[in-house]
Amino acid sequence: MVKCKLLTPKADIPASVYVALSALTFALFAAIWSALTYSDLIPPMFLPPPDKVVKDGALLFSEFDLMSDIWASVFRVTVGFLLAAVIAVPLGIMMGSLKVCEALAEPMLSFIRYMPASAFIPLFILWLGIGESEKIAVIFFGTFFPLALMIMDVTKNVAHDLIDTAYTLGVSRWGVFRRIILPASMPGIVDTLRIAFGWAWTYLVVAEIVAAGSGLGFMIMQAQRFLKTGNIIVGIIIIGVIGIMIDIVFKWLYARMFPWMGKGGR
Amino acid sequence: MTEMTQAKVIIDGVSKIFTGKERQVTALAEASFTVAPSEFVTILGPSGCGKSTILKILAGLEEPTSGRVLLDGREITGPGSDRGMVFQTYTLFPWLSVRENIEFGLDVAGKSKQERKDVSDHYIEKIGLKGFETFFPRDLSGGMKQRVAIARALANDPEVLLMDEPFGALDAQTRTVMQELLLTVWDESHKTILFVTHDVDEAVFLGDTIYVMTARPGRIKAKIAVDLPNQRTFDLKLTDNFMCIKKEVMGLIREEAWKAANTNT
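These protein sequences, in sequence, are chains A and B. Add 1428 to a position in the first sequence, counting from 1, and you land on the number used in my numbering. Add 23 to a position in the second sequence, counting from 1, and you land on the number used in my numbering.
In short, the hints are calculated from the structure, not lab data. It is possible that some hints are incorrect.
[To be verified] Facing chain B, a subset of chain A residues (Cβ under 10 Å, in silico): (1) ASP1589; (2) THR1593; (3) MET1614; (4) PRO1615; (5) TRP1688.
[What the hints assert, rightly or not] Straight-line C-alpha distance at most 25 Å; calculated DSS-like pairs for lysine-lysine: (6) LYS214/B <-> LYS31/B; (7) LYS44/B <-> LYS1527/A; (8) LYS31/B <-> LYS246/B; (9) LYS153/B <-> LYS136/B; (10) LYS246/B <-> LYS270/B; (11) LYS44/B <-> LYS1584/A.
The beta-carbon is built from N, C-alpha and C at its ideal position, and this holds for glycine as well.
Please take these sequences and the hints and turn them into a complete structure.
Shown next, in the form of structure tokens:
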């Protein structure tokens, strides 16, 4: 009967089984990669074997100053993301609570959201040159519009009964923002920021592939030019690792900030 | 005329028409009644009869389409802390602890920390939640949540307490306990209460006066003075006197419930 439980819809499984299954997927991935490469089924020029990638990674850190590329990228993502968040969060809250603000901004934002950020790169280069501000602009552009719209949705979902209750307890209209809408939507906002940071990473590579002199995206482009496939893979993996680290930080922050939401959040 | 001057709450020919995309719905049609100071009024009616709408208009959360609502002789124009409300849905602020929820209105009013603590201590004791002060709403049962919601409304010392099926989501046993608890709390403050319910037992057990409403469009169908002792405990529900009133009310409401069941909403 215990075995059956593993396949019962929505039933919980022991934590140890969960971890083991997750590890299994990674192991399986490594096994397939090894099988395909060590057997020479795929030539190393297209996909180098795992140990070659590890060696390339070590070489990149020791000889080619990969750390400075990482810092350059982290800097751009962080600045672009923060700029987007600083404007999108208040704007989203206003759009979600006041119909006037929604009418003013929502249709425009929805329209621009469908314009690909990468298509704006030539324009940004024309306006801002090929320095840091251009890279940051791409990340900002890719993140800001969907972020503002998602924050709006989060704010709209604040239960109307809570607002009514606040009114009957003597809260003014302005007070409703501060005392109800803000605290009620805060968990959703932090969660949305976590997801938006992921988008920011995606746009980083888009920004760095064109006209960059440093950064992970630049390193990946260089590697492709010189057929250093291992380096490409190292770059991709590093982006993934940093991404998941930031994800973990956000989830930790979420649990610390909102103890009232319960363990693990939503 | 004396009734008019003494009344705490006057509902004067209040109608409410909701205009939808395809049709208009008359939720309330010329409802009129008065509530005396310290009176416990229960409003009983089938679902969709507009009984909750009366409370929302009193709370200032909805505007009447026509008619007037007065509190202490002044017309109600918007929400205010002089009219506390307890909703059927759980409306505790989930990010605040039990104590912070109870102190919410006092905090809004800018009361000092000591003053807030004195009031919340009193109500936490009164609703039997000592030891739960720091709990968040998600860790409370449904009955506990509604007890805190009642305490939160009373802590603000409102002129009138509006209760919109506050025990509707609770199981039958918890509901009985809550009814007694409400009467105990009420006994102390003797606030004017308007309590909306669709449960006949509840309406008779709690009310000094019962207003029975018709199916939509909601009108006041009957006013019943509940001639039962002021000190009420659950065993009262088994007495002949109680049964007699209950029978009368059930007769009135049954007709309306049928009507309501046969109109699509």
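Which earlier hints turn out false for this structure, listed by number in ascending order? Hints that this structure does not satisfy do not exist here, as all of them hold.
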